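J.: Spelled out, the chains give:
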Amino acid sequence: MPGDEGLRALAAAQGIELSDEDLEGVQGFLGVFLPALARLDELLPPDAPGPGALSPAPE
Amino acid sequence: VSLVALARALRSGELSPAEAVGTALRRIEELDGTLNAFISVRAEEALREAGAPSEGPLWGVPIAVKDVIDVAGTPTTAGSRILAANVPVEDAAAVARLRAAGAIVVGKLNTHEFAYGPLTTSEHFGRACNPWSLDHVCGGSSGGSGAAVAAGLVSGALGTDTAGSIRIPAAFCGVTGIRPSTGLVPTQGMVPLSWSVDTIGPMARSAEDCAVLLDVLADAHHDTGPGDPRALRIGVAETLFEGELDARVAGFVRDALDALCEAGAAAVSLEPPYLEHAGLVQQALQFPEATAIHLEWLRTRADEYGADVRGRLLAGLFVPATAYVTALRLRSVIAAAFEEAIAPVDLLAAPTLPVVAPRVVGGAVDFGAASENVFRQSLLRYTAPWSLVGWPVVSVPCGFVDGLPVAISFIGRRFDDAAVLRAAAAFQRLTDWHTREPPIWAG
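For the protein sequence lines, the chains are V and F, in the order given. So the first sequence is numbered by the working numbering: it starts at 1 and just counts up by one. So the second sequence is numbered by the working numbering: it starts at 60 and just counts up by one.
If you are wondering where the hints come from, they were derived from the structure by calculation, not from laboratory data. In this text the structure is predicted, and so the values were computed from the model without any measurement. We put the beta carbon where it would ideally sit given N, CA and C, even for glycine. Any given hint could be a false lead.
Said to hold, decoys possible - Here are a few chain F residues that sit away from chain V, every Cβ distance over 12 Å (derived from the structure):
id : residue
1  : Glu355
2  : Ala395
3  : Val419
Claimed, not checked - FRET-style restraints, in silico, Cβ to Cβ:
id : chain 1 : residue 1 : chain 2 : residue 2 : range
4  : V       : Pro35     : F       : Asn145    : 48 to 58 Å
5  : F       : Glu355    : V       : Ser19     : 12 to 22 Å
6  : F       : Ala159    : V       : Glu24     : 45 to 55 Å
7  : V       : Arg39     : F       : Ala143    : 23 to 33 Å
8  : V       : Pro51     : F       : Ala159    : 33 to 43 Å
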């Protein structure tokens with residue numbers, strides 16, 4: 001996970017300034033969420049199709 | 060009174076639209092100072108519209124609309140300061156359908172800010188209270204909708220559900236609510252939270268009431284009768300009876316299944332694959348989509364958000380694009396796996412939520428040993444998987460723990476909304492949990 005300055009730089013690149021309080025909240029959340037997201041790759045079967053929409057409504 | 064009974068009384072001339080609207084407005088005036096379910100009330104407009112409602116199945120029926128859905132000429136605040144002065148010029152498509160069917164909108168309902176949270180504790184419009192116990196939360200994000208229906212201020216309301224926002228307040232407030240199949244009800248005119256997962260759906264006293272509203276919203280008929288439980292094959296999602304689940308809640312949900320089985324339904328245990336991961340996959344889609352929707356306001360008006368919503372929106376900035384793509388791919392994989400798992404049965408059943416509504420102590424929600432984020436995740440474990448795959452889910456009351464409602468969910472295949480409504484209606488013909496009235500009902 002990026003450190004404080006990395007997070008500030010990523011936010012700034014999207015036009016957003018993070019306060020110290022924002023940074024603390026984001027760190028707390030990402031500390032749990034990002035490792036869990038990284039493990040999602042392990043769930044993908046090798047032959048999983050590319051991203052697409054849900055199937056359309058039946059006729 | 061149920062929405063179906065009210066509509067019948069209106070059609071028979073037993074009651075006039077002006078009387079029905081007047082009664083709703085009087086109840087709102089008497090009780091909403093305590094409940095805070097409404098953000099705005101359209102008293103003058105509703106009484107005027109009651110003079111000549113459109114012809115249709117909802118002729119003269121007062122309803123209320125979550126304040127993330129546009130009603131022309133009335134502010135859509137989304138429970139936020141940012142949209143406090145936002146007055147739409149057109150009805151949302153769902154509202155237009157209700158009004159074309161004769162419904163009369165009496166007001167806009169409180170919501171968690173921008174529909175992004177399960178509590179309805181807006182910093183800007185105040186907390187909506189649970190009619191069963193005023194010092195407990197009513198759930199969210201459609202908390203005003205749940206509270207207004209539970210307290211009998213209106214017999215039907217619109218909510219929205221992205222990751223659980225109809226089902227959570229329906230369960231906490233003891234009313235019936237359906238998250239329709241994704242794509243069944245148009246979302247045009249709704250303040251979006253997550254484009255690929257957002258839905259609009261009805262909340263009311265019973266499945267029969269919800270079906271009448273959904274017929275209008277979807278412009279398609281959803282037959283709930285005769286609701287013979289002997290024809291029902293129910294798959295029980297056993298995974299959701301494990302882990303951090305209040306044993307008393309589990310007991311009432313098992314009792315509900317037993318009631319259906321005693322009436323002839325067949326229940327079998329099922330273990331849909333990926334169920335423990337599906338909520339996270341849904342969140343991996345929702346976080347960046349929500350942040351993308353709010354990006355410009357995050358740049359210019361970030362200090363006008365409540366702290367919890369701002370925190371979630373800022374966190375969405377840092378979800379890697381690769382995780383979003385992985386989540387999109389997993390959605391297809393999981394949808395196919397769920398379809399295969401449900402093949403032997405008509406629908407699934409599970410607790411709507413693992414707990415009853417938490418208490419508010421000293422102005423703050425008491426999450427026990429959990430943080431707000433952990434509490435939110437514990438609810439989403441039950442609700443978000445079905446959002447991910449776009450399946451319909453109806454939540455119905457099935458008991459009480461410490462005087463607070465407990466609910467069971469019936470979960471069906473995508474676009475088989477009628478099946479979950481039939482199961483819910485069958486259960487409600489066997490039991491009377493959905494007819495119970497909270498103490499505040501009598502005023």
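J.: Each hint should be assessed against the structure and marked as holding or not.
T.: Hint by hint, here is what the structure shows:
no., hint, in the structure
1, Glu355, "violated (9 Å)"
2, Ala395, "violated (10 Å)"
3, Val419, "holds (22 Å)"
4, V:Pro35 / F:Asn145: 48 to 58 Å, "violated (38 Å)"
5, F:Glu355 / V:Ser19: 12 to 22 Å, "holds (19 Å)"
6, F:Ala159 / V:Glu24: 45 to 55 Å, "holds (50 Å)"
7, V:Arg39 / F:Ala143: 23 to 33 Å, "violated (41 Å)"
8, V:Pro51 / F:Ala159: 33 to 43 Å, "holds (37 Å)"
Consistency with the previously given hints fails for numbers 1, 2, 4 and 7, ordered from lowest to highest.
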